[in-house]
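Make a model of the complete structure from these sequences and hints.
Protein chains: 2
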Amino acid sequence: MYQLLNDLSIVEVSSFVASPTAGLYCAQMGAEVIRVDHVAGGLDYDRFMLTEEGRSLSWENLNRAKKSVALDLRSGEGRELCAQLAGQTGQCITNLPERSFLGHAAMQAHRPDNRTDMISVRIMGWHDGRQAMDFTVNAASGYPLMGGPEDWDPDTAPPVNQILPAWDFITGAYCAFALMAALRHRDATGEGSELRVPLGDVAIGTVANSGMMAEMLYRGGDRERLGNAIWGAFGRDFRSKDGVRFMVAALTAKQWAGLVEAFNLGEAIGSLEKELGVDFSAGDEPRFTHRHRLFDLFQNVASGLKYAKLEKRMAAAGTTFEKYRTAHEAAQDPQLVGDNPLFGPSPANPSGFGYPAPRSFANIPEREAGDPAPAPYLGQHSEEVLAERLGLGSGSIGDLIDRGIVRTSDKNNR
Amino acid sequence: MYQLLNDLSIVEVSSFVASPTAGLYCAQMGAEVIRVDHVAGGLDYDRFMLTEEGRSLSWENLNRAKKSVALDLRSGEGRELCAQLAGQTGQCITNLPERSFLGHAAMQAHRPDNRTDMISVRIMGWHDGRQAMDFTVNAASGYPLMGGPEDWDPDTAPPVNQILPAWDFITGAYCAFALMAALRHRDATGEGSELRVPLGDVAIGTVANSGMMAEMLYRGGDRERLGNAIWGAFGRDFRSKDGVRFMVAALTAKQWAGLVEAFNLGEAIGSLEKELGVDFSAGDEPRFTHRHRLFDLFQNVASGLKYAKLEKRMAAAGTTFEKYRTAHEAAQDPQLVGDNPLFGPSPANPSGFGYPAPRSFANIPEREAGDPAPAPYLGQHSEEVLAERLGLGSGSIGDLIDRGIVRTSDKNNR
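Note that the protein sequences, when read in sequence, are chains A and B. Residue numbering for the first sequence follows the working numbering, beginning at -2 and increasing consecutively. Residue numbering for the second sequence follows the working numbering, beginning at -2 and increasing consecutively.
Please keep in mind that the hints were generated in silico from the structure rather than gathered at the bench. Some hints here could point you the wrong way.
Note that identical chains are pooled: a pair holds if it fits in a single copy or bridges any two copies.
[Claimed, not checked] No more than 30 Å apart at the CA atoms, straight line, and that leaves these computed lysine-lysine pairs for DSBU-like:
#, residue 1, residue 2
1, K251, K303
2, K408, K251
3, K408, K303
4, K309, K320
5, K309, K251
6, K251, K64
7, K309, K238
8, K251, K306
9, K320, K238
10, K64, K238
11, K271, K408
12, K238, K303
It should be emphasised that the depicted structure is a prediction, and the values quoted were computed from it without experimental measurement.
Below is the structure:
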């Protein structure tokens, strides 16, 4: 972990993917991130996949490098401790509703010296309070009805859901940014901020930011189904003689020239240009417009060559391409994982299972990257955090534990 | 635009989606973001869709609320001006290679008073320098080979590319966060940072963070194809009697209870529980394991009811659901756009076309949101920025314009 944020403590009261991701990115940059959960674990504590011993591989990756405090969040006393922790710390990421025990004002009330400088980042469903999750906002976005093979009948084609919970991950990264922006503003002015980030707004807002909303309104209808082709440029999947599937993209003049060279198609494309009266090196437009003619030429060459040969030629010509991997293949790929400095040695994960652990996406050549840290056991830091943050003595903490308001590490009782 | 970052200026030398997005998020929070492009426009200046007059709807959305400086970036003089602008400003987002005129050291060399506090965020392809773009890193991630209908033969099923360039958008948001983290560190220590964020690392790192990499290694193979079902929980698309497709999800006990109530399936599910010897309210596991039996029950009810009726019942029962929209339907949906405070009135876009414009994803109830600003014309702020940032007089700027090193607004010559 880099130590860019080592002066920062954040309380995270969260579950599922988006809010834990926001905390994860901060933790991987050196922040102290204290995840507070219900004593039995949050709603995501048993998220698939589980090991035979019942440890969630999802949870232990999304909560890497954090501390864990376990409180009885169904009791008034546990809830009060949680709000106190957030308020005393001063910055909180949560996906609890505003109308819960963790509303902004409740945290604000616990700021020391009556300061009004609390910063909260709250992930919501839809802006109007309706529930949502990644798959439901995605249904509204328009993307699932654009996916799938090009030859599907538009009138009967089913939606194709994304497997990647992309809206969760965009929202998580955005919330980490929004928290930092609010901290910067507080450093300059002393003012706190209450930030609300609806998952649904990230989705429909991205539809707008990408230009797709303007496009649909401008054309007055939907875009044609493109299958695996890239919209407005040259790119698609191809298949080699030996059945290897790979993606190819050419968005710039240089990429296009390299691709034509790798496939040795200079002459054939010259003829096609003459036939159609276009210049394919002039930009995206002719390559996209006549993509089916071009796809045929490229697939024809691919069908005659083994992937190893094609790969060599594409690499030599500076083509932008990539072989499709299954997820299991990707996990074992030396280029992606084994030889990639993004990954460090496996720390002692709660599951006891060892595997490559990622550092922060950002690497900083001049700084020490450090080794990845494991996720905590649930409640592992309850005593430490309550003592440090709230100044509770060992007697008070012992009493809270005895009464079930606080729980300590579940290392041996899972 | 909120004014959380109104003390911050950022130079952005970028193209396509990821790097412009990082600048966009900062601009929507009030930062001055100066996008510097080649005089003819960056590689993305003509990205689809184009209006009849040749204005890119993609570009004008991804570059909203920024300033534009146009320099001849093929000339030594233009490149020097660009590096000077970045260095004098102190923070830069770029997707140019490190071995270009905009390497970190080149910007650092222009810091005032020989300060060594430059912050650069550089978006790369793969960590090892290989070229990549959203669709190619996605091919490597494993997701495209998991997508598509459940009944496809795993041995012959084609990959299904995501239409959403999710890796670009995650990378953009992450880079905005990374920039803020580095600024915070500089505020505390005076030290600069050189951050490199490979698009490929965001992809394979997300595969790891999500727990999917650990899952595949733990199971020693690939996950079964799920079609539109949610992994490890209850959720899928259904179709009403009148042909409306909608997504339903139940991840919590409350969501499950609401869903069963909305579909009036208490009795049938009770019988199924007895038959299978399971308790579906106990958690994700039984609901996921027996999903096909459950899907049949729910689809059977859906097939007998019109969507309007189903929707009413699901809303009343607090179910998490959403109707699929096409992108054109989404763009015109009052709930998503028209009545959503995320969107403001259309500013005067370079295209001349008017449509709803998004604010920042984060809303801050106590602050003034302001109206969305338009993207600039290419070169619109060349003179202003060169005068303010580099202290150039009108004579020097006039000379640079005369010699084609600097270009002013392309409002009337596009």
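These are the hints, each one checked on the structure:
1. When the C-alpha separation of K251 and K303 is checked against a cutoff of 30 Å, the pair qualifies only within one copy, where the shortest distance is 25 Å, while the shortest distance between copies is 54 Å.
2. Taking the shortest alpha-carbon separations for K408 and K251, only the inter-copy value of 29 Å comes in at or below 30 Å, while the best intra-copy value is 55 Å.
3. Neither within a single protomer nor between protomers do K408 and K303 lie at most 30 Å apart by alpha-carbon distance, with minima of 51 Å and 50 Å respectively.
4. For the homomeric pair K309 and K320, the shortest alpha-carbon distance inside one copy (12 Å) is at most 30 Å, but the shortest distance between copies (46 Å) is not.
5. In this assembly of identical chains, K309 and K251 lie within 30 Å of each other by CA distance solely inside one copy; the values are 18 Å within and 55 Å between copies.
6. For the identical chains of this complex, K251 and K64 are inter-copy neighbours only, at 28 Å across copies versus 48 Å inside a copy, given an alpha-carbon limit of 30 Å.
7. Taking the shortest alpha-carbon separations for K309 and K238, only the intra-copy value of 15 Å comes in at or below 30 Å, while the best inter-copy value is 53 Å.
8. Taking the shortest Cα distances, K251 and K306 sit within 30 Å of each other inside one copy (21 Å), while across copies they are farther apart (55 Å).
9. Within a single copy, K320 and K238 get their C-alpha atoms as close as 14 Å, which meets the 30 Å cut-off; across copies the closest is 42 Å, which misses it.
10. When the C-alpha separation of K64 and K238 is checked against a cutoff of 30 Å, the pair qualifies neither within a copy, at 51 Å, nor between copies, at 49 Å.
11. Neither within a single protomer nor between protomers do K271 and K408 lie at most 30 Å apart by alpha-carbon distance, with minima of 71 Å and 35 Å respectively.
12. Proximity of K238 to K303 under the C-alpha cut-off of 30 Å is restricted to the intra-copy arrangement: shortest distance 5 Å within a copy versus 49 Å between copies.
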